[in-house]
Amino acid sequence: MAFDAPTFSSRDAVVCRGVGKTWAAGTKRAHEALREIDLDIKPGEFVVFLGPSGCGKSTLLYLIAGLEDSTEGQTWSFGELVETPSPERSLIFQETSLFPWLTVWQNVSFGLAIRGASQAERRAVAAEALQRVGLSAAMDKRPDELSGGMRQRVAVARALAMRPKVLLMDEPFAALDVQTRARMQDFLLDVWRDSGASVLFVTHHIDEAVALADRVVVFTARPGRIKTICPIDLPRPRNLFSREAEAIRIQLTELLRDEVDRAFAEQEALATAT
Amino acid sequence: MAVVSRDGDTGAAAGASRPAAATRSFEPARMLANVGRLDWLAKMWWACLSVGLFAGLWELCWALGWADPQLLPPPHIFLSNFGEQGKFFNTATRWQVGNAMGEGPSALESVMITVGATTMRVFVGLVLATVLAIGIGVAIRYWHLFDKLVLPTVTLLSPVSPIAWLPVAIFLFGIGNAPAIFMVVVALFFHMVLATINQIDGVSPNLINVARTMGASKAQIYGRVIVPAILPGMLAVLRLNLFGAWMVVLVAESTGVGYGMGQVIMLARNTFNPSLVFFTIAVIGVLGFAFDWLLRLAQRRILYWLPDTKEKLRGL
Numbered sequence: 000m001a002f003d004a005p006t007f008s009s010r011d012a013v014v015c016r017g018v019g020k021t022w023a024a025g026t027k028r029a030h031e032a033l034r035e036i037d038l039d040i041k042p043g044e045f046v047v048f049l050g051p052s053g054c055g056k057s058t059l060l061y062l063i064a065g066l067e068d069s070t071e072g073q074t075w076s077f078g079e080l081v082e083t084p085s086p087e088r089s090l091i092f093q094e095t096s097l098f099p100w101l102t103v104w105q106n107v108s109f110g111l112a113i114r115g116a117s118q119a120e121r122r123a124v125a126a127e128a129l130q131r132v133g134l135s136a137a138m139d140k141r142p143d144e145l146s147g148g149m150r151q152r153v154a155v156a157r158a159l160a161m162r163p164k165v166l167l168m169d170e171p172f173a174a175l176d177v178q179t180r181a182r183m184q185d186f187l188l189d190v191w192r193d194s195g196a197s198v199l200f201v202t203h204h205i206d207e208a209v210a211l212a213d214r215v216v217v218f219t220a221r222p223g224r225i226k227t228i229c230p231i232d233l234p235r236p237r238n239l240f241s242r243e244a245e246a247i248r249i250q251l252t253e254l255l256r257d258e259v260d261r262a263f264a265e266q267e268a269l270a271t272a273t
Numbered sequence: 000m001a002v003v004s005r006d007g008d009t010g011a012a013a014g015a016s017r018p019a020a021a022t023r024s025f026e027p028a029r030m031l032a033n034v035g036r037l038d039w040l041a042k043m044w045w046a047c048l049s050v051g052l053f054a055g056l057w058e059l060c061w062a063l064g065w066a067d068p069q070l071l072p073p074p075h076i077f078l079s080n081f082g083e084q085g086k087f088f089n090t091a092t093r094w095q096v097g098n099a100m101g102e103g104p105s106a107l108e109s110v111m112i113t114v115g116a117t118t119m120r121v122f123v124g125l126v127l128a129t130v131l132a133i134g135i136g137v138a139i140r141y142w143h144l145f146d147k148l149v150l151p152t153v154t155l156l157s158p159v160s161p162i163a164w165l166p167v168a169i170f171l172f173g174i175g176n177a178p179a180i181f182m183v184v185v186a187l188f189f190h191m192v193l194a195t196i197n198q199i200d201g202v203s204p205n206l207i208n209v210a211r212t213m214g215a216s217k218a219q220i221y222g223r224v225i226v227p228a229i230l231p232g233m234l235a236v237l238r239l240n241l242f243g244a245w246m247v248v249l250v251a252e253s254t255g256v257g258y259g260m261g262q263v264i265m266l267a268r269n270t271f272n273p274s275l276v277f278f279t280i281a282v283i284g285v286l287g288f289a290f291d292w293l294l295r296l297a298q299r300r301i302l303y304w305l306p307d308t309k310e311k312l313r314g315l
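So the sequences go chain by chain: A and B.
Counted from 1, the first sequence has number 207 at position 208 by numbering that gives the first Met the number 0; the numbering is strictly sequential.
Counted from 1, the second sequence has number 238 at position 239 by numbering that gives the first Met the number 0; the numbering is strictly sequential.
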């Protein structure tokens, strides 16, 4: 697909132009996950992707990470075309993705080990990153000795150790209980403020979007398209029980309900057809 | 047993940098404590009880006259005349030309020589098959062309019974240790290649994606993520195949080898000696059990990071 001179600032953290993804393209099982995504994300911005399950928001995150290739359009990060994964764009997963055979500090410094850094350097970087997530004491523990919340903090530390410019988070707190999730959100906001990185955060929790985002990108049901982009101008730390927060929550709920209804109707139609 | 080289670099690094005062859960002392003492005794007790019950039932059948001692001699009969049975072991040395019946190694020595020979064949065959299978299995996933060229043949040869390879072993290697080891390797290799591929395909894509986003090359992903991640599964595969190796080695030894447990079984068959058959079966059982125990010990040491699911199941 040919594009004329792209019309965006090369300083933007992430730029998507006409991005689409069809899984198993060209086969009988082909299905379109994403269509015509145009998106500009500023450096240091906190953007939440909100949408019904299976709408392709995670797929978009993988495309931006460079882990999957888009079938339409192109993505740039800081002026460079995204073709392969890069340590500048760290991805944090929903499930624990720590290496169970390595200790916490070895997990955190995995990226440096790959570059052949000395052990002293790796330990120093791991110590610093773990201090930033408040887990200095867990340096020499193994992942299975930690709680779910601690493991995700180690995953964040591992991403931070690469000094990323963009943090991509795929429902990172979905497996945690409600109280832990609220604490993790505060923690993430602190980390984000310190690091200065842009954060792209996928969730289907409206509360989470209201708590975190500078802007909320609301997706349609499959194929995922951008329905609306909702700015949230509330100052931080946010009072989630304020009238303004409530108004945004209602607005997002309405937007999402249409899409969930549509997804349901589609699924029912599909079930009766077969 | 050198099964697979774990990520030696980081592993060694962890060992070197470990603070002496830190409490860690995979310190040798604690691991020994886990295995040792009362726990270990209790396990032995249960093993003895399990075998004892089986033997007791057999003895009961004999006492009631259901089991003919000529055909199914109970343990107290086939274990009692050890000196008599031991004679038949180490057939090659004992009946060499010029050796009188009373000369040569004693009964115990004969049994030990035979057991040693068979165990060595099992061990060498198992190590060769494992190294080859993991190597080829990883190579199949690593190079796409290699996959296309090799995997169909491996799959084609997988269902072939080791019995069918027996003539090939003799054609190629004549008699001696080589054909027996070849039989063990050929019986395990193809399955283990498929098992390796299966294990590789089961590695969590998240772990691979993490390594990719950190800039790991293909070789680094295989060396630092895939190989450690498949280790637990491969050790389980190895344990299952250990028993397979013991089964095959007997088939191989029953023909193309001068001595070994297989020869003893054949001799017992040809001379209609049920006592000797059951005695040999008992020896094989003990050996297989010991091998399995050693492998489990190794498993617990190499795979220190695995949770103990068995304990959880016991609580159900």
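Some hints could be false.
Chain B stretches covered by chain A per the calculated footprint, using a threshold of three residues with CB under 8 Å from any CB of chain A [unchecked claim]: (1) 198 to 207; (2) 218 to 226.
In silico contact screen, one side only, chain A against chain B (beta carbon under 8 Å); selected entries [said to hold, decoys possible]: (3) L38; (4) K41; (5) E44; (6) A64; (7) F92; (8) F98; (9) I113; (10) A116; (11) C229; (12) P230.
As a list, the in silico SDA-like pairs of lysine to any residue whose alpha-carbon atoms are at most 25 Å apart [stated by the list, open to error]: (13) K217/B - R114/A; (14) K41/A - G214/B; (15) K217/B - L80/A; (16) K217/B - K41/A; (17) K41/A - E67/A; (18) K147/B - V202/B; (19) K27/A - K217/B; (20) K140/A - K147/B; (21) K140/A - V226/B; (22) K164/A - S216/B; (23) K164/A - G214/B; (24) K217/B - W191/A; (25) K140/A - Q298/B; (26) K140/A - A228/B; (27) K140/A - I301/B; (28) K140/A - P204/B; (29) K41/A - K140/A; (30) K164/A - V202/B; (31) K226/A - Q118/A; (32) K164/A - W75/A; (33) K140/A - K217/B.
Read the hints as simulated data drawn from the structure, not as lab findings.
Glycine included, every Cβ here is placed at the ideal spot set by N, Cα and C.
For each hint, the structure was consulted:
1. 198 to 207: holds (count 3)
2. 218 to 226: holds (count 3)
3. L38: At about 20 Å, which exceeds the 8 Å cut-off, the nearest Cβ of chain B leaves the hint on L38/A violated.
4. K41: violated, 22 Å
5. E44: E44/A check fails; min Cβ-Cβ to chain B is 20 Å, beyond 8 Å.
6. A64: This interface hint holds because 6 Å falls under the 8 Å limit.
7. F92: At 5 Å from the nearest chain B Cβ, F92/A passes the 8 Å test, so the hint holds.
8. F98: Since the shortest Cβ distance to chain B is 6 Å, the answer is holds.
9. I113: holds, 5 Å
10. A116: violated, 11 Å
11. C229: Where the cut-off is 8 Å and the nearest Cβ of chain B is about 28 Å from C229/A, the hint is violated.
12. P230: Since the shortest Cβ distance to chain B is 29 Å, the answer is violated.
13. K217/B - R114/A: It holds: about 13 Å lies between the C-alpha atoms, which stays within 25 Å.
14. K41/A - G214/B: holds, 24 Å
15. K217/B - L80/A: holds, 22 Å
16. K217/B - K41/A: Violated - the C-alpha atoms of K41/A and K217/B are around 32 Å apart, more than 25 Å.
17. K41/A - E67/A: OK: K41/A and E67/A at ~22 Å, within 25 Å.
18. K147/B - V202/B: holds, 21 Å
19. K27/A - K217/B: Distance ~31 Å between K27/A and K217/B Cα, so the pair is violated.
20. K140/A - K147/B: violated, 42 Å
21. K140/A - V226/B: holds, 22 Å
22. K164/A - S216/B: Holds, because 21 Å separates the two Cα atoms, which is no more than 25 Å.
23. K164/A - G214/B: Measuring from Cα to Cα gives roughly 15 Å; hence the hint holds.
24. K217/B - W191/A: Violated, at roughly 31 Å.
25. K140/A - Q298/B: holds, 20 Å
26. K140/A - A228/B: holds, 19 Å
27. K140/A - I301/B: This hinted pair holds, its Cα atoms lying about 17 Å apart.
28. K140/A - P204/B: It holds: about 24 Å lies between the C-alpha atoms, which stays within 25 Å.
29. K41/A - K140/A: Given pair K41/A, K140/A is violated - Cα atoms ~37 Å apart, limit 25 Å.
30. K164/A - V202/B: Outside the cut-off at roughly 29 Å; violated.
31. K226/A - Q118/A: violated, 48 Å
32. K164/A - W75/A: Holds - the C-alpha atoms of W75/A and K164/A are around 13 Å apart, at most 25 Å.
33. K140/A - K217/B: Not OK: K140/A and K217/B at ~28 Å, beyond 25 Å, violated.
Hint check: violations occur at hints 3, 4, 5, 10, 11, 12, 16, 19, 20, 24, 29, 30, 31 and 33; the rest are consistent with the structure.
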